[in-house]
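Trainee: Chains as they are written, first to last, in my numbering: chain W, 1 to 478; chain B, 1 to 449.
What the hints contain is simulated information worked out from the structure, not anything from laboratory work.
None of these values were measured; they are calculated from a predicted model.
Treat the hints with care, as some may be off.
Stated by the list, open to error - Far from chain W, by Cβ distances over 12 Å, these chain B residues were calculated:
no., residue
1, 113
2, 125
3, 171
4, 199
5, 213
6, 247
7, 281
8, 287
9, 335
10, 355
11, 442
To be verified - Now the in silico label distances, taken between C-beta atoms and shown as ranges:
no., chain 1, residue 1, chain 2, residue 2, range
12, W, 283, B, 377, 27 to 37 Å
13, W, 371, B, 217, 45 to 55 Å
14, W, 438, B, 94, 48 to 58 Å
For each residue, glycine too, the CB sits at the ideal point set by N, CA and C.
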Amino acid sequence: MSLSSSFFGSKFGITERDLDRYLAEALGRGADYADLYFEYLATSSISLDESIVKSATQGVSLGVGVRVIAGERTGYAYSDDLSPEKILKAAATAACIADSPAKVDTVGLTPARQHDLYPVLRAPIDQPLAERVQFVKRADAAARAADARVIQVQSTYADSLRHVLVATSDGKLSFDRQPMARLNVSVLARQGEGTPQQGYSGGGGRVGLDYFTGASAPEAFAREAVRLAIVQLDATEAPAGESVVVLGPGWPGVLLHEAVGHGLEADFNRKGTSVFSGRVGQKVASELCTVIDDGTIDNRRGSLNVDDEANPTRQNVLIENGILRGYLTDELSARLTGGRSTGSGRRENYQHIPMPRMTNTFMLSGAATPEEIIRSVKKGIYCANFGGGQVDITSGNFVFSASESYLIEDGKLTRPVRGATLIGNGPEAMQYISMVGNDLKLDQGVGICGKDGQSVPVGVGIPTVRIDKMTVGGTARV
Amino acid sequence: MTEQQLRAAAVSAVAQALALGATGAECTIASGSEFSVTVRLGEVEKLKEADSCGAGLRVLLGQRQGSSYTSDLSAEGVRQMVTSALEIARITEADPYAGLPEADELGQLTQDLGLASELTLSAAEKIDWAKRAEKAALSADARLTNSDGASFDSHTGVRVFANSRGFAGSYTSTYCSLSAVPVAKSDERMERDYWFSIGRDHTRLESPEQIGRRAAERVLRRLGARKIATQMATVVFEPRTARSLVGHVFAAVTGDAIYRKSSFLLDKIGQVVASPAVTIVDDPTLPGLFGSAPFDDEGVPGRRNLIIENGVLQTYLLHTYTARKLGRKTTGNASRGLTGSPGTGHGNLYLEAGALPPEELLRQVGHGLYVTELIGQGVNTVNGDYSRGASGIWIENGELTYPVTEVTVAGNLSEMLKNVLFIGNDLEFLGSTAAPTLALGGMTVSGVQ
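Same shape as in the complex, but just chain B (with noise of 0.2 Å):
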């Protein structure tokens, strides 16, 4: 179906649950092609191509609501799925807070945000990127003896939202990634690691030698890792670790965890929860970035919202529903997936740069952990707790020197906030969150002893 044809089902999905009593209803569509490829050791060894589709409904009966989505989007289907939104919505409750934004509220930003391009690319011409990533990654040494592969993978889709306060919109999106992930293998102790570059199409893409190096480069330098002592360290993130840090200040900011009292920085709007030189920004409105979007989940036009300036806690980000549940107004940030109620998203979600390139960064630090990898899921945004398994390299009189491996870094999110000494000025966006080269002190890095 065409961009116009899915906006149309949408708009007569929320016109049929109207006409079946709902007091209220909203409908998101998705639909996309995919392509991706994965070569090995020179071979294609998967190829995929589909097309698919579906849609979601949320319907209000007066401060009841519920929802259903389907993959089919036949007449028949998407009938069925207004049937089945009203009858679940009789099984809820009340919620005085429940309803879609008001009409004053909705809209899209009107400048282009950069978000589709031309994916000329063939598929024989994916493959060849693909293979081309991976000797350039295999060729690079001769301890580069094996590999998980390298994908080209690319993807267009169609976003549609339309709801019964008079809002009908859609836009659509590209992007393409290439991939390369080598293994290297020295005295018996294997070690893998990978490079990716994406944009919204293939021009953007760094090319498959630079990105099949750089993978090997840093497989390679994981090689003859050793196992350090217990001690207080500070540490410093790369930027590929640094954003997950961001990450978890965003799950603490969300209207969700902060009406149900689950966030560490709850209450602390005003005060200061970082140290000076941190500012965390969310901007869906910059052109050309992955988490660019004219609208929100619910039909709120996007806008830029300062989380965390110069230190201090500005904002929470909201939907609205969180909204009015903590007596304020949405900030654009309710995403959604087909099924359910809208939760909280964000558009660029990112720490601004420092001043220091990184190898500066590294010296003025001095000693310490430099970690390029974590693993695990021990982070909790409740209490701020943080222990996570990570992998990386010590840094000794200002340089990177052996690799170390089996440890992990612990602290809590409150104080690692308060701890971050200096940022670097690498800021790169590699997918919707970022951050430059982050330093942390005071944290414990558990080994051996």
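So that you can see chain W by itself, here it is in the shape it has in the complex (with noise of 0.2 Å):
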């Protein structure tokens, strides 16, 4: 594509030479490196309550960040009017940071190598809202028409359509046309006059409307939210103290987004304080892990054809089995410690500086089959679906949050037990893993990360896996 015919080329009239002259005055007072994301980010979501669509919203929003880099400094300035008065302005401010004699002229902008990875060809935002509005109106009725117990039913149905340009003052260009869409379903469920209890569905990734069919249909979301309200009718208290613990596959991979993702972003690594730093080429998990991020997988969540600084998204071997291969690096990290960008540089918005994030991060099959794993517990806690999770990068602690277990009793599933939290450090958790199931699955396409105050889509997937021991946050003594 050319800059011409690009979304901000056409619809706003930026030229080569525009984006030659705020580099140029990015780099004003002396720096190693600057770039500009031009963002443009169009949003509708639909909401059902009581079965009513009781709200809908849709806007725009539309702006340019400049940032500057002068050795380990960052300055960053953004504008939400793309004149050049107020971008160059943003230039100047975001030039302040560099006092350095450092000198860089901008090179010639040359496109920058991409994949195509969700050739979208009519964005869901770009389909009838009349078409759309139907997504959470059948989730309803199939989710009142599963279970009698089920007392309330909210769904909301959101896209959008985000354009970026960015271009560096290394002479790299990228455009990329990013869809997204995403279904959730959240009921309630009653027995008499007991407790409810809670469950949520939902789904979806860098997709068309023809997505949401067959599995990943509206009804089906609906049903699923359903079956965990109900699971949660019966369960009991949940146990307390450590405890074997079995993890299901897909949506638990929120385990390695939490116990090693995190603790391996380059920016935490560069400056030394995560517990994974300085610690490449040891043993950091047990021998069955390989855990990867993959930018590059179709259609997904967490995929992205080119990074926020214009590096292609790739597939990353982070720990293969069990060692410590390397850290998801930006711009920034990769200068400063003489690699290249794994591709990992993410931003909110326009309004936020790049740092290195995951995109889709899981773990390798192994050759056990889950009913082996299973059965090779005497007295443990199978974990099936999760809410979130947190971790504290520095001491390795994380904790997450079972939102659907069971007991497991002599080798088999038994009663189900509330939500609990579990915790444990990441190094040590990850040499525990004693099991790693022949079943990897990715999750449905929900996940949302946060870090710094900025949230990135994002996805995780993980086959089943046996762990020796972890801390279970009950209330029922073991």
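Two independent chains are provided; combine them into the complex using the hints.
Mentor: And the structure:
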């Protein structure tokens, strides 16, 4: 694609000469590097509650962020106005960070090599609203029909289309059109006068409307949400204390996101503040573990053709057979550590400085069958679904909260147990993985990762795994 | 744009919506300038400076409603926002309870809430304050070997609201904050912690040296942490962690949670839901505090609401829609960003201070876990289940002894509120939610074995 036929070229008349001028201004006080990030984001969402489509929203935001790097220093400014005066002012503000003698000149811009991972011809947001509103109504009808104990259903469908242009002082130019769609269903079920219990399901990705059929139809998400709420009606207290933990496939991959993913982001490691700092080449997990971060999987929520610094996304091996192979780097950490960016520089929007972030993080399948793994446990807990998690990357301590779990007694799943938080220390917990299943599954596409005040969409995945020891934070004595 | 121009833009958006057929409309505009600088190991690491602006519009077509937003406040941008809201409202369905507040409910507080102050520090001075805070932290002890930096942030914002029942209001607010995040190492284990101070202007901040020293004390006391055995114990939440408990009570008393039957406090008004020592208040009228505002996000004046008084649940927190659903009046708790319909928010939400100094409270407790950090989201305000990751310090014979790590604290919020044993006298507002030191009996602490 050429600049003139790109979104910002055709709609806003941005030319290569404009980009050169802005980059030159950004480099005007002496610096090592500068980049421009133009973003146009259109979003819409439709919400149903009590079987009524109660509200719907749509809107647009537009802006440009200018970044200047001088040594380890970063200057940043942005404008929500694309007039040359405002962009030049932002460039001059960002340039103030650099008072160094370093001098670089801009080089001619060349479109960056990039993939075409989400060739969605018609973005969901460009389809008739009347078509999209059916998703929440179908989800509501299916949830209410699924079980008489359902007392509340809420459903939200949201989509967006983001157009991005990145131009860098070292000559990279990238354009991307990033569609996203997501459907959520949340239900409440109650048995007689008992305590109501919640169930939640949803899915999506960088997809067209045709995604929401078959296993991803609104009815499928609705029935899954109802199933989860109904299971909770019979759940007893979760155990307290150390236990063998078996994670089911798919969304429980949030373990990897928290236990190792964040700790392997290069900004923390460059500064030596991560529990994984300086440990490349060392054993940080059991030899059964190979963990990958892959931004190139077709249509996935965490995928990107090109990252937010014009570097193509890649498949990055983080841990191979238990050995730490590398970190996730952005442009700044690559420059400072002498490597190349792994295509992991991401930002929430034009108002934010990019950072190393995950895309889709998962563990490769092993040899065991899921049945073998469960059968191997005399007494333990099986976690099939999780809410969210959090990590302290310096100490390595992390938590994740189970929303669907069962006791394992003598190799069999028995009673469902209530929600509980699991806590561990990243490198320690990964050493306790003693069996890995042959059933790798990725999540359904609803993940959001927060770091330093910035949220970005991500994916996770994992096969069934056995962890020999973790602390389970229930209330019943084991 | 000036505050006056922003108000004119909001009033104009509402008028345009009515002219195009809306039966009601309300417009919110938020505009702000931000400055933030982070220094690390004595050098500036990141500096960011920018202005931003955005508008949101909600329109009613009879009992249907839709909304839209834009970052483009030009005449053309506002016109597109109006058409976009009307277009999307047409796909929604009639909701008998949708609507704006009644005209006699609208209004604003007239007293000075002390929301804005002059931000007079130069960029160079802000950088210097951050450097001083980091230096004070790192020079406190040889085990402080690294830093996640120290930051100075400042912000000036204008909030505008206008609706088709004649309300138009705006206010300016300012804040600045200074924080330090040192990293300590001993026996190959690293820990980090932070301290911060926030004020309407820099004169109300703790000194950079004090912030640095407090951050250093907090991280040093985490070194050498042990795991402990699983047990039932009294858990003491220091103010920084105690305030999250007040936040869970808030989530359970919002009208949205109540009409959806999604709250462990459903149908409990007039009943004992907490220890008689517990009183929880929401008050947006307190001058100078961070949750204060002259009107809520539907143009209703803020007021003091007693949520729990001496253990008895007094009220839910409502905006116009949830009030109508529940056959009540709004409590002035509407809150919204630029997108969507109003939800429930709070002003200064706090648990009233007790009489005990924190040291005396620890003596009364005798043995238990003093929680200095909570992580994770393991709180379910529908059924009350509570299970979160924690670290802290073990209390032995009324004194803080060794640090504890990698434990969870668990219980059920219904019982936890009733098990509040002691309340400290150390209530301090470092944001819009606050609580003093709280001691809760009968919690499950999960660790090794």
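Trainee: Which hint numbers doesn't this structure obey?
Mentor: 11
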